[in-house]
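Engineer: Here are the chains, one letter per residue:
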Amino acid sequence: MMTTDVGEARIRVPDQIKLGDLITVNAIISHPMDTGFFRTPEGAPIPAYFIREVVVTYGSQEVARFEWTSGVSRDPVVSFTLKADKEAPLSMIWSDNKGASFKQSINISFGSA
Amino acid sequence: MKSRRAFFQSCVVSAAGFLVARSEQLLARTGISLDPDDPEVPNQEVARILKELFGDRPIRRGHVELDMPLVAEDGRVVPVIIESDLPMEPGQYVKAVHLIVDHNPDAHLAAFHLTPALGSVSISTRIKMKRTTWVRAILETNTGDVWADYSRVQVTLNGCG
Chain A
1 MMTTDVGEAR IRVPDQIKLG DLITVNAIIS HPMDTGFFRT PEGAPIPAYF IREVVVTYGS
61 QEVARFEWTS GVSRDPVVSF TLKADKEAPL SMIWSDNKGA SFKQSINISF GSA
Chain B
1001 MKSRRAFFQS CVVSAAGFLV ARSEQLLART GISLDPDDPE VPNQEVARIL KELFGDRPIR
1061 RGHVELDMPL VAEDGRVVPV IIESDLPMEP GQYVKAVHLI VDHNPDAHLA AFHLTPALGS
1121 VSISTRIKMK RTTWVRAILE TNTGDVWADY SRVQVTLNGC G
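Protein chains in written order, with the numbering used here: chain A, 1 to 113; chain B, 1001 to 1161.
Each hint can be trusted.
Here's a subset of chain A near chain B, in silico, CB distances under 8 Å, partners left out:
| # | residue |
| --- | --- |
| 1 | F37 |
| 2 | Q61 |
| 3 | A64 |
| 4 | F66 |
| 5 | S70 |
| 6 | V72 |
| 7 | S73 |
| 8 | V77 |
| 9 | V78 |
| 10 | F80 |
| 11 | L82 |
In silico DSS-like cross-links for lysine-lysine, where the CA-CA straight-line distance does not exceed 30 Å:
| # | chain 1 | residue 1 | chain 2 | residue 2 |
| --- | --- | --- | --- | --- |
| 12 | A | K103 | A | K83 |
| 13 | B | K1051 | B | K1095 |
| 14 | A | K86 | B | K1095 |
| 15 | A | K98 | B | K1095 |
| 16 | A | K83 | A | K18 |
| 17 | A | K18 | A | K86 |
| 18 | A | K86 | A | K103 |
| 19 | B | K1095 | A | K83 |
| 20 | A | K103 | A | K18 |
| 21 | B | K1095 | A | K18 |
| 22 | B | K1095 | A | K103 |
Bear in mind the hints are in silico, worked out from the structure with no lab data behind them. Even for Gly, the Cβ is constructed at its ideal location relative to N, Cα and C.
Chain A extracted, bound-state conformation (with noise of 0.2 Å):
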């Protein structure tokens, strides 16, 4: 993740879902997360920079909305599971302190097997 772009995400579910599972979501997003307490080699100081909302969304519903600090880790990961109780997609929205939005969108769909 390191050489990928700030705010390029990934969101996981696992490949067969059937109606009423409770799914793990994994989602990532590239972003130096950047406390504020840290200088350049070359001593200049290295303002705070990091994701402070995340918005998740499941067809039209919010089903959850976290609050970070800088103090998550590098490239951030969170894994929370989701009852698939309907066709739709997941969206997570990350918002960083510098005001970007990164948006990112997985399809929840039932295999026919």
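For chain A, the structure is supplied; the task is to place chain B on it using the hints.
Structural biologist: For chain B alone, kept in the frame of chain A given last:
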């Protein structure tokens, strides 16, 4: 978990009266309600956070499990898993989980606001830790109950600068 508890209990037994008295003063001033064998509130900042989030509601141990390494070699990347056995149903659910790292510069490290749509409480992430300290996972139900679990994590390399 057992060894952590045992370690903690031994800490309590050996804790200097000074620390206990100081913590009790903090608690008395703020009205924060912890169990007697819970980790001390170490400073005004943690006292302020607990007071602001939970007021004078009792913070009881149970229904949440905070899983962290006993020793974190690299404080920049410390895994955290928070789980709860409480229901996630409309009308009865965990509405928020707070992660507090006592001796970090920004002690209230994260808040996870949840809904019944998640189906269960099972959250994992990775955090930075400045030094050896207690970590608190405290959840709040939609009916206002507050449940907590604590992990003491020994940090070898400062991850906060």
